[in-house]
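I would like the entire structure built from these sequences, with the hints used as guidance.
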Amino acid sequence: MKTPKEDVDRGYAWVVLAACFAIEVLYGALICSVGVITPAILEEIDGDLVKVSWIGSTLLGTFTMCGPFVGMVEGRLGHRLACFVGGILILLGLTSASFCRTVTGLILTFGVITGLGCGLAANVSGVAPGDYFNKRLPAAYGICMSGGALGLLVVGPLTIFLLDLYTLSGTLLILGAIGFHVCSAGVLIRPSSTLNPDKSILVQPDCEDGTEVCADAPQDPAELNCVPNTDDPCAQNETTVTVFLQGDDDRHTCSQTDDNEDTDFRSPDSGIITKEDNFRAGTTTVAPLLEQNSHSPKKDSWCRAIRESVALFGANGFFLYLLSVLFWSLSEATCMVHLPNYAEYKGSTPAQSASLFTGMGVSALFSGMLAGFASSDKSIGNILLHVGLQGMSGISIMILPVLSHTYHLQMVACVLYGTYSQGPYTLVSPICIELIGRSKLAVAYGMWSFVLGIGLMFGPPIASLIYERSGDYDYTFIFAGCCNLASAVFAMCIPLCKRNI
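Quick note on our numbering: the sequence shown kicks off at 24 and runs consecutively.
Check before you lean on any hint, since a few could be wrong.
Dumping the calculated DSS-like pairs for lysine-lysine here, alpha-carbon to alpha-carbon at most 25 Å [to be verified]:
1. LYS74 to LYS369
2. LYS463 to LYS401
3. LYS463 to LYS158
4. LYS401 to LYS158
Calculated from the structure, these hints are not laboratory results.
Since we're looking at a predicted model, the values are computed, not measured.
Shown next, in the form of C-alpha coordinates:
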(Lines of atoms letter the chains of each structure in order from A; the text may use other names.)
(Lines give C-alpha, C1' and ligand atoms only; values in the text may rest on other atoms or scores of the structure.)
Protein backbone atom coordinates (compact mmCIF):
# COMPACT_ATOMS: atom_id res chain seq x y z
CA MET A 24 0.00 0.00 0.00
CA LYS A 25 1.10 3.56 -0.63
CA THR A 26 2.14 5.75 2.21
CA PRO A 27 -0.20 8.75 2.67
CA LYS A 28 1.21 11.96 1.28
CA GLU A 29 1.67 13.58 4.65
CA ASP A 30 4.57 15.83 3.59
CA VAL A 31 3.11 17.37 0.44
CA ASP A 32 2.47 21.13 0.65
CA ARG A 33 2.22 21.10 4.43
CA GLY A 34 3.83 20.07 7.67
CA TYR A 35 7.45 19.06 7.36
CA ALA A 36 7.56 20.32 3.77
CA TRP A 37 8.03 23.85 5.11
CA VAL A 38 10.96 22.73 7.25
CA VAL A 39 12.60 21.32 4.11
CA LEU A 40 11.90 24.58 2.29
CA ALA A 41 13.54 26.56 5.10
CA ALA A 42 16.58 24.26 4.89
CA CYS A 43 16.81 24.75 1.11
CA PHE A 44 16.48 28.52 1.56
CA ALA A 45 19.38 28.45 4.04
CA ILE A 46 21.49 26.43 1.59
CA GLU A 47 20.79 29.01 -1.13
CA VAL A 48 21.89 31.83 1.17
CA LEU A 49 25.12 30.05 2.15
CA TYR A 50 26.39 28.93 -1.24
CA GLY A 51 25.07 32.13 -2.87
CA ALA A 52 27.19 34.21 -0.50
CA LEU A 53 30.28 32.13 -1.33
CA ILE A 54 29.74 32.44 -5.07
CA CYS A 55 29.18 36.21 -4.89
CA SER A 56 32.21 36.76 -2.64
CA VAL A 57 34.51 36.25 -5.64
CA GLY A 58 34.30 39.88 -6.74
CA VAL A 59 35.06 41.22 -3.24
CA ILE A 60 37.99 38.85 -2.73
CA THR A 61 39.60 39.55 -6.12
CA PRO A 62 41.13 42.93 -5.09
CA ALA A 63 42.60 41.28 -1.97
CA ILE A 64 44.17 38.54 -4.10
CA LEU A 65 45.62 41.17 -6.43
CA GLU A 66 47.15 42.94 -3.44
CA GLU A 67 48.43 39.94 -1.46
CA ILE A 68 49.09 37.16 -3.99
CA ASP A 69 49.60 38.37 -7.55
CA GLY A 70 49.04 41.68 -9.30
CA ASP A 71 48.30 40.18 -12.74
CA LEU A 72 44.58 40.77 -13.30
CA VAL A 73 44.32 38.25 -16.14
CA LYS A 74 45.78 35.43 -14.04
CA VAL A 75 43.79 36.33 -10.91
CA SER A 76 40.51 36.53 -12.83
CA TRP A 77 40.85 32.81 -13.61
CA ILE A 78 40.31 32.04 -9.90
CA GLY A 79 36.83 33.50 -9.80
CA SER A 80 35.92 32.28 -13.28
CA THR A 81 36.97 28.72 -12.35
CA LEU A 82 34.73 28.81 -9.28
CA LEU A 83 31.76 30.11 -11.26
CA GLY A 84 32.37 27.76 -14.18
CA THR A 85 32.89 24.64 -12.05
CA PHE A 86 29.84 25.45 -9.96
CA THR A 87 27.67 25.57 -13.09
CA MET A 88 29.24 23.09 -15.48
CA CYS A 89 29.28 20.28 -12.93
CA GLY A 90 25.46 20.24 -12.95
CA PRO A 91 25.02 16.90 -14.79
CA PHE A 92 27.73 15.23 -12.66
CA VAL A 93 26.40 16.39 -9.29
CA GLY A 94 22.91 15.42 -10.41
CA MET A 95 24.04 11.82 -10.83
CA VAL A 96 25.84 11.94 -7.47
CA GLU A 97 22.72 13.19 -5.73
CA GLY A 98 20.66 10.52 -7.45
CA ARG A 99 22.91 7.90 -5.90
CA LEU A 100 23.41 9.44 -2.46
CA GLY A 101 20.11 11.21 -1.82
CA HIS A 102 19.51 14.82 -0.80
CA ARG A 103 20.83 14.62 2.74
CA LEU A 104 24.10 12.82 2.05
CA ALA A 105 24.80 14.82 -1.13
CA CYS A 106 24.38 18.05 0.82
CA PHE A 107 26.73 16.74 3.51
CA VAL A 108 29.39 15.90 0.88
CA GLY A 109 28.96 19.37 -0.60
CA GLY A 110 29.55 20.99 2.77
CA ILE A 111 32.70 18.94 3.32
CA LEU A 112 34.05 19.95 -0.11
CA ILE A 113 33.35 23.62 0.62
CA LEU A 114 35.18 23.38 3.95
CA LEU A 115 38.07 21.44 2.41
CA GLY A 116 38.41 23.78 -0.57
CA LEU A 117 38.35 27.06 1.35
CA THR A 118 40.50 25.76 4.19
CA SER A 119 43.13 24.63 1.69
CA ALA A 120 42.83 27.94 -0.14
CA SER A 121 43.63 29.83 3.06
CA PHE A 122 47.13 28.26 3.01
CA CYS A 123 47.77 28.82 -0.73
CA ARG A 124 50.00 31.66 -1.84
CA THR A 125 49.91 31.02 -5.60
CA VAL A 126 47.26 31.62 -8.24
CA THR A 127 47.47 28.00 -9.40
CA GLY A 128 46.80 26.70 -5.90
CA LEU A 129 43.81 29.03 -5.50
CA ILE A 130 42.39 27.91 -8.85
CA LEU A 131 42.52 24.29 -7.69
CA THR A 132 41.23 24.82 -4.14
CA PHE A 133 39.04 27.92 -4.24
CA GLY A 134 37.97 27.31 -7.84
CA VAL A 135 37.55 23.59 -8.47
CA ILE A 136 37.02 21.98 -5.03
CA THR A 137 34.83 24.75 -3.63
CA GLY A 138 32.97 24.96 -6.94
CA LEU A 139 32.08 21.26 -6.77
CA GLY A 140 30.84 21.66 -3.20
CA CYS A 141 28.68 24.65 -4.14
CA GLY A 142 27.36 22.72 -7.14
CA LEU A 143 26.22 19.84 -4.94
CA ALA A 144 24.56 22.24 -2.49
CA ALA A 145 22.83 24.10 -5.33
CA ASN A 146 21.54 20.86 -6.86
CA VAL A 147 20.03 19.76 -3.55
CA SER A 148 18.27 23.07 -2.95
CA GLY A 149 16.96 23.03 -6.52
CA VAL A 150 15.62 19.47 -6.47
CA ALA A 151 14.47 18.76 -2.90
CA PRO A 152 11.41 21.10 -2.89
CA GLY A 153 9.97 19.10 -5.79
CA ASP A 154 9.64 16.07 -3.49
CA TYR A 155 7.59 17.96 -0.92
CA PHE A 156 5.46 20.41 -2.89
CA ASN A 157 2.88 19.94 -5.58
CA LYS A 158 0.16 22.58 -5.59
CA ARG A 159 2.42 25.20 -4.01
CA LEU A 160 5.57 24.22 -5.93
CA PRO A 161 5.97 27.52 -7.89
CA ALA A 162 5.69 29.55 -4.70
CA ALA A 163 8.11 27.21 -2.93
CA TYR A 164 10.72 27.63 -5.66
CA GLY A 165 10.21 31.39 -5.65
CA ILE A 166 10.92 31.52 -1.92
CA CYS A 167 13.87 29.13 -2.19
CA MET A 168 15.61 30.93 -5.06
CA SER A 169 15.32 34.29 -3.30
CA GLY A 170 17.93 32.95 -0.87
CA GLY A 171 20.61 33.52 -3.51
CA ALA A 172 19.71 37.21 -3.71
CA LEU A 173 19.84 37.44 0.08
CA GLY A 174 23.34 35.94 -0.01
CA LEU A 175 24.31 38.59 -2.55
CA LEU A 176 22.92 41.26 -0.22
CA VAL A 177 25.00 40.28 2.82
CA VAL A 178 28.22 39.09 1.21
CA GLY A 179 29.77 42.51 0.52
CA PRO A 180 29.81 43.97 4.04
CA LEU A 181 30.64 40.60 5.61
CA THR A 182 33.63 39.89 3.36
CA ILE A 183 35.04 43.40 3.74
CA PHE A 184 34.71 43.15 7.52
CA LEU A 185 36.58 39.83 7.52
CA LEU A 186 39.29 41.12 5.18
CA ASP A 187 39.93 44.15 7.38
CA LEU A 188 40.11 42.00 10.49
CA TYR A 189 41.76 38.76 9.37
CA THR A 190 43.30 39.47 5.90
CA LEU A 191 42.79 37.12 2.95
CA SER A 192 43.93 33.89 4.63
CA GLY A 193 41.68 34.28 7.67
CA THR A 194 38.74 35.38 5.50
CA LEU A 195 38.91 32.24 3.38
CA LEU A 196 39.13 30.08 6.49
CA ILE A 197 36.06 31.71 8.07
CA LEU A 198 34.10 31.57 4.82
CA GLY A 199 34.84 27.85 4.71
CA ALA A 200 33.43 27.44 8.21
CA ILE A 201 30.33 29.42 7.23
CA GLY A 202 29.87 27.35 4.08
CA PHE A 203 30.19 24.13 6.09
CA HIS A 204 26.83 24.98 7.67
CA VAL A 205 25.11 23.60 4.57
CA CYS A 206 25.64 20.24 6.30
CA SER A 207 23.45 21.41 9.19
CA ALA A 208 20.75 22.52 6.77
CA GLY A 209 21.03 19.28 4.80
CA VAL A 210 20.39 17.17 7.91
CA LEU A 211 16.86 18.64 8.01
CA ILE A 212 16.05 17.27 4.55
CA ARG A 213 14.80 13.87 5.58
CA PRO A 214 13.50 11.41 2.94
CA SER A 215 9.96 12.20 1.91
CA SER A 216 7.21 9.74 2.81
CA THR A 217 5.92 10.10 -0.75
CA LEU A 218 8.97 8.35 -2.16
CA ASN A 219 8.40 4.89 -0.62
CA PRO A 220 8.14 2.46 -3.54
CA ASP A 221 5.60 -0.31 -3.78
CA LYS A 222 6.99 -3.23 -5.76
CA SER A 223 3.80 -5.12 -6.58
CA ILE A 224 1.26 -4.66 -9.36
CA LEU A 225 -2.24 -5.64 -8.34
CA VAL A 226 -4.29 -7.53 -10.90
CA GLN A 227 -7.94 -7.81 -10.00
CA PRO A 228 -10.80 -9.56 -11.79
CA ASP A 229 -12.97 -7.10 -13.66
CA CYS A 230 -15.56 -9.43 -15.17
CA GLU A 231 -17.31 -12.56 -14.19
CA ASP A 232 -15.34 -14.64 -16.66
CA GLY A 233 -12.08 -13.81 -14.93
CA THR A 234 -10.67 -11.36 -17.43
CA GLU A 235 -8.08 -9.29 -15.62
CA VAL A 236 -7.41 -5.58 -15.63
CA CYS A 237 -4.61 -3.76 -13.84
CA ALA A 238 -5.15 -1.75 -10.70
CA ASP A 239 -3.46 1.58 -10.17
CA ALA A 240 0.24 0.95 -9.76
CA PRO A 241 2.65 3.10 -7.75
CA GLN A 242 4.32 5.77 -9.81
CA ASP A 243 7.91 4.68 -9.34
CA PRO A 244 10.34 4.79 -12.28
CA ALA A 245 11.67 1.31 -11.60
CA GLU A 246 8.25 -0.35 -11.38
CA LEU A 247 6.30 -2.16 -14.04
CA ASN A 248 2.82 -1.27 -15.16
CA CYS A 249 0.43 -3.20 -17.30
CA VAL A 250 -2.66 -1.94 -19.07
CA PRO A 251 -5.36 -3.77 -20.97
CA ASN A 252 -5.00 -3.50 -24.71
CA THR A 253 -8.27 -4.82 -26.02
CA ASP A 254 -11.50 -3.38 -27.25
CA ASP A 255 -13.52 -5.79 -25.18
CA PRO A 256 -12.01 -6.46 -21.73
CA CYS A 257 -14.63 -9.11 -21.03
CA ALA A 258 -14.00 -11.09 -24.20
CA GLN A 259 -13.64 -14.80 -23.54
CA ASN A 260 -11.46 -15.65 -26.53
CA GLU A 261 -8.52 -13.30 -26.08
CA THR A 262 -7.17 -10.71 -23.66
CA THR A 263 -4.17 -8.65 -24.73
CA VAL A 264 -2.00 -7.11 -22.06
CA THR A 265 0.58 -4.45 -22.79
CA VAL A 266 3.65 -4.58 -20.54
CA PHE A 267 6.09 -1.68 -20.41
CA LEU A 268 8.53 0.09 -18.16
CA GLN A 269 7.49 3.38 -16.59
CA GLY A 270 8.98 6.19 -18.67
CA ASP A 271 9.76 3.86 -21.62
CA ASP A 272 7.99 4.40 -24.92
CA ASP A 273 8.59 0.82 -26.12
CA ARG A 274 5.65 -1.43 -25.30
CA HIS A 275 5.44 -5.19 -25.71
CA THR A 276 2.14 -6.98 -26.18
CA CYS A 277 1.43 -10.51 -25.04
CA SER A 278 -1.77 -12.32 -25.75
CA GLN A 279 -3.50 -15.04 -23.82
CA THR A 280 -6.13 -17.36 -25.26
CA ASP A 281 -8.34 -20.02 -23.85
CA ASP A 282 -6.68 -22.60 -26.13
CA ASN A 283 -3.23 -22.12 -24.63
CA GLU A 284 -3.32 -22.05 -20.88
CA ASP A 285 0.49 -21.85 -20.69
CA THR A 286 0.33 -18.13 -21.48
CA ASP A 287 -1.96 -17.27 -18.58
CA PHE A 288 -0.24 -14.55 -16.52
CA ARG A 289 -2.53 -14.69 -13.50
CA SER A 290 -1.34 -15.61 -10.05
CA PRO A 291 -3.97 -18.00 -8.67
CA ASP A 292 -2.69 -17.68 -5.12
CA SER A 293 -2.74 -13.97 -4.48
CA GLY A 294 -3.76 -12.20 -7.66
CA ILE A 295 -0.46 -10.29 -7.51
CA ILE A 296 2.11 -10.24 -10.24
CA THR A 297 5.52 -8.98 -9.24
CA LYS A 298 8.69 -8.15 -11.12
CA GLU A 299 10.52 -10.84 -9.18
CA ASP A 300 8.08 -13.49 -10.47
CA ASN A 301 9.16 -12.60 -14.00
CA PHE A 302 5.50 -13.07 -14.97
CA ARG A 303 6.19 -16.79 -15.24
CA ALA A 304 3.30 -19.06 -16.12
CA GLY A 305 3.99 -22.64 -17.17
CA THR A 306 6.66 -22.73 -19.84
CA THR A 307 6.04 -19.21 -21.15
CA THR A 308 7.57 -16.05 -19.66
CA VAL A 309 7.72 -12.38 -20.58
CA ALA A 310 10.98 -11.91 -18.65
CA PRO A 311 13.00 -11.54 -21.88
CA LEU A 312 10.77 -8.63 -22.83
CA LEU A 313 11.41 -6.98 -19.50
CA GLU A 314 15.14 -7.63 -19.77
CA GLN A 315 15.16 -6.03 -23.20
CA ASN A 316 13.76 -2.85 -21.71
CA SER A 317 15.41 -2.68 -18.31
CA HIS A 318 18.89 -3.97 -19.21
CA SER A 319 19.61 -2.38 -22.58
CA PRO A 320 23.33 -2.13 -23.44
CA LYS A 321 25.12 0.91 -22.11
CA LYS A 322 26.41 1.69 -25.58
CA ASP A 323 22.89 1.96 -26.97
CA SER A 324 21.85 4.12 -24.01
CA TRP A 325 24.71 6.55 -24.57
CA CYS A 326 24.03 6.71 -28.31
CA ARG A 327 20.35 7.35 -27.66
CA ALA A 328 21.18 10.08 -25.15
CA ILE A 329 23.56 11.76 -27.60
CA ARG A 330 20.99 11.62 -30.41
CA GLU A 331 18.33 13.12 -28.15
CA SER A 332 20.65 15.92 -27.03
CA VAL A 333 21.56 16.78 -30.63
CA ALA A 334 17.91 16.72 -31.63
CA LEU A 335 16.96 18.97 -28.72
CA PHE A 336 19.76 21.40 -29.52
CA GLY A 337 18.41 22.07 -33.00
CA ALA A 338 14.70 21.80 -32.30
CA ASN A 339 12.25 24.66 -32.02
CA GLY A 340 14.85 27.43 -31.75
CA PHE A 341 16.38 26.00 -28.57
CA PHE A 342 19.90 26.51 -29.95
CA LEU A 343 19.15 30.24 -30.23
CA TYR A 344 18.18 30.29 -26.57
CA LEU A 345 21.45 28.55 -25.67
CA LEU A 346 23.39 31.17 -27.65
CA SER A 347 21.47 33.83 -25.74
CA VAL A 348 22.45 32.13 -22.47
CA LEU A 349 26.12 32.00 -23.53
CA PHE A 350 26.36 35.76 -24.06
CA TRP A 351 24.27 36.43 -20.96
CA SER A 352 26.69 34.42 -18.83
CA LEU A 353 29.72 36.21 -20.30
CA SER A 354 28.26 39.50 -19.08
CA GLU A 355 27.15 38.10 -15.72
CA ALA A 356 30.59 36.71 -14.87
CA THR A 357 32.32 39.92 -15.93
CA CYS A 358 30.20 41.97 -13.56
CA MET A 359 30.46 39.56 -10.63
CA VAL A 360 34.26 39.34 -10.76
CA HIS A 361 35.33 42.81 -11.89
CA LEU A 362 32.75 45.18 -10.37
CA PRO A 363 34.41 45.81 -6.95
CA ASN A 364 37.87 46.17 -8.47
CA TYR A 365 36.47 48.54 -11.09
CA ALA A 366 34.79 50.66 -8.40
CA GLU A 367 38.12 50.94 -6.51
CA TYR A 368 39.81 51.82 -9.80
CA LYS A 369 37.34 54.72 -10.08
CA GLY A 370 38.10 56.00 -6.56
CA SER A 371 35.70 54.19 -4.23
CA THR A 372 36.93 52.67 -0.98
CA PRO A 373 36.97 48.87 -0.57
CA ALA A 374 33.95 49.08 1.74
CA GLN A 375 32.03 51.19 -0.75
CA SER A 376 32.88 48.92 -3.65
CA ALA A 377 31.73 45.85 -1.72
CA SER A 378 28.46 47.55 -0.75
CA LEU A 379 27.57 47.79 -4.44
CA PHE A 380 26.66 44.10 -4.20
CA THR A 381 24.32 44.96 -1.34
CA GLY A 382 22.41 47.44 -3.48
CA MET A 383 22.35 44.95 -6.31
CA GLY A 384 21.06 42.23 -3.97
CA VAL A 385 18.20 44.34 -2.61
CA SER A 386 16.82 45.00 -6.09
CA ALA A 387 17.49 41.42 -7.24
CA LEU A 388 15.60 40.05 -4.22
CA PHE A 389 12.34 41.49 -5.54
CA SER A 390 12.96 41.44 -9.29
CA GLY A 391 13.12 37.65 -9.46
CA MET A 392 9.70 37.30 -7.82
CA LEU A 393 8.22 40.04 -10.02
CA ALA A 394 9.54 38.31 -13.13
CA GLY A 395 7.86 35.10 -12.00
CA PHE A 396 4.50 36.85 -11.62
CA ALA A 397 4.94 38.56 -15.01
CA SER A 398 5.72 35.27 -16.74
CA SER A 399 2.35 33.88 -15.64
CA ASP A 400 0.67 36.46 -17.90
CA LYS A 401 0.31 34.71 -21.25
CA SER A 402 -0.16 38.02 -23.07
CA ILE A 403 3.45 38.94 -22.25
CA GLY A 404 5.24 35.69 -23.05
CA ASN A 405 8.40 34.28 -21.54
CA ILE A 406 10.58 34.91 -24.60
CA LEU A 407 9.53 38.55 -24.85
CA LEU A 408 10.15 39.05 -21.14
CA HIS A 409 13.61 37.46 -21.46
CA VAL A 410 14.46 39.76 -24.38
CA GLY A 411 13.35 42.85 -22.46
CA LEU A 412 15.27 41.94 -19.31
CA GLN A 413 18.46 41.17 -21.22
CA GLY A 414 18.21 44.41 -23.17
CA MET A 415 17.66 46.51 -20.06
CA SER A 416 20.51 44.70 -18.27
CA GLY A 417 22.82 45.56 -21.14
CA ILE A 418 21.82 49.21 -21.12
CA SER A 419 22.15 49.53 -17.35
CA ILE A 420 25.65 48.04 -17.31
CA MET A 421 26.80 50.07 -20.31
CA ILE A 422 25.93 53.32 -18.55
CA LEU A 423 28.09 52.34 -15.57
CA PRO A 424 31.22 53.98 -17.08
CA VAL A 425 29.21 57.20 -17.39
CA LEU A 426 28.03 56.99 -13.77
CA SER A 427 31.27 55.66 -12.30
CA HIS A 428 32.84 58.92 -11.16
CA THR A 429 31.10 58.98 -7.78
CA TYR A 430 30.08 56.22 -5.40
CA HIS A 431 26.40 57.23 -5.36
CA LEU A 432 26.13 57.10 -9.14
CA GLN A 433 27.83 53.71 -9.13
CA MET A 434 25.17 52.51 -6.70
CA VAL A 435 22.40 53.78 -8.98
CA ALA A 436 23.82 51.82 -11.93
CA CYS A 437 24.23 48.66 -9.82
CA VAL A 438 20.67 48.85 -8.47
CA LEU A 439 19.37 49.15 -12.03
CA TYR A 440 21.48 46.21 -13.12
CA GLY A 441 20.29 44.09 -10.19
CA THR A 442 16.68 44.93 -11.04
CA TYR A 443 16.92 43.43 -14.52
CA SER A 444 19.68 40.82 -14.25
CA GLN A 445 17.96 38.47 -11.79
CA GLY A 446 14.73 38.01 -13.77
CA PRO A 447 16.12 35.74 -16.54
CA TYR A 448 17.00 33.06 -13.96
CA THR A 449 13.32 32.80 -13.03
CA LEU A 450 12.38 32.24 -16.68
CA VAL A 451 14.76 29.34 -17.43
CA SER A 452 12.39 26.44 -16.73
CA PRO A 453 9.30 28.09 -18.31
CA ILE A 454 11.26 28.85 -21.49
CA CYS A 455 12.70 25.32 -21.70
CA ILE A 456 9.22 23.85 -21.28
CA GLU A 457 7.84 26.21 -23.91
CA LEU A 458 10.51 25.32 -26.45
CA ILE A 459 10.99 21.56 -26.08
CA GLY A 460 8.28 20.34 -23.71
CA ARG A 461 8.04 19.32 -20.09
CA SER A 462 9.14 15.73 -20.67
CA LYS A 463 12.62 16.86 -21.78
CA LEU A 464 13.05 19.53 -19.10
CA ALA A 465 15.81 17.68 -17.23
CA VAL A 466 17.95 17.31 -20.37
CA ALA A 467 17.31 20.91 -21.39
CA TYR A 468 18.19 22.21 -17.94
CA GLY A 469 21.46 20.27 -18.03
CA MET A 470 22.34 21.77 -21.40
CA TRP A 471 21.45 25.25 -20.12
CA SER A 472 23.65 24.74 -17.07
CA PHE A 473 26.61 23.58 -19.16
CA VAL A 474 26.39 26.50 -21.61
CA LEU A 475 26.01 28.94 -18.72
CA GLY A 476 29.16 27.48 -17.16
CA ILE A 477 31.15 28.05 -20.35
CA GLY A 478 30.31 31.75 -20.27
CA LEU A 479 30.99 32.04 -16.56
CA MET A 480 34.35 30.34 -17.03
CA PHE A 481 35.66 32.52 -19.86
CA GLY A 482 33.92 35.85 -19.24
CA PRO A 483 36.30 37.31 -16.60
CA PRO A 484 39.54 36.38 -18.44
CA ILE A 485 38.21 37.88 -21.69
CA ALA A 486 37.27 41.07 -19.85
CA SER A 487 40.73 41.17 -18.24
CA LEU A 488 42.39 40.85 -21.64
CA ILE A 489 40.29 43.74 -22.92
CA TYR A 490 41.48 45.89 -20.02
CA GLU A 491 45.09 44.79 -20.46
CA ARG A 492 45.13 45.55 -24.18
CA SER A 493 43.18 48.83 -24.03
CA GLY A 494 44.43 50.19 -20.72
CA ASP A 495 40.93 51.42 -19.91
CA TYR A 496 38.70 49.52 -17.48
CA ASP A 497 35.57 51.12 -18.97
CA TYR A 498 35.78 48.87 -22.01
CA THR A 499 35.29 45.74 -19.91
CA PHE A 500 31.80 46.87 -18.90
CA ILE A 501 31.01 48.09 -22.39
CA PHE A 502 31.90 44.53 -23.45
CA ALA A 503 29.55 43.16 -20.77
CA GLY A 504 26.70 45.39 -21.92
CA CYS A 505 27.22 44.37 -25.55
CA CYS A 506 27.03 40.71 -24.49
CA ASN A 507 23.64 41.35 -22.86
CA LEU A 508 22.40 43.08 -26.00
CA ALA A 509 23.65 40.18 -28.14
CA SER A 510 21.79 37.82 -25.80
CA ALA A 511 18.60 39.80 -26.37
CA VAL A 512 19.07 39.69 -30.17
CA PHE A 513 19.52 35.91 -30.25
CA ALA A 514 16.45 35.44 -28.04
CA MET A 515 14.50 37.80 -30.31
CA CYS A 516 15.13 35.40 -33.21
CA ILE A 517 13.62 32.39 -31.38
CA PRO A 518 10.05 32.97 -32.70
CA LEU A 519 11.39 32.60 -36.25
CA CYS A 520 12.22 28.95 -35.51
CA LYS A 521 9.62 28.27 -32.86
CA ARG A 522 6.68 25.94 -33.41
CA ASN A 523 3.88 24.84 -31.13
CA ILE A 524 4.57 21.56 -29.33
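Okay, the hints, checked on the actual structure:
no. : hint             : in the structure
1   : LYS74 to LYS369  : holds (21 Å)
2   : LYS463 to LYS401 : holds (22 Å)
3   : LYS463 to LYS158 : holds (21 Å)
4   : LYS401 to LYS158 : holds (20 Å)
Every hint, counting from the list given before, is met by this structure.
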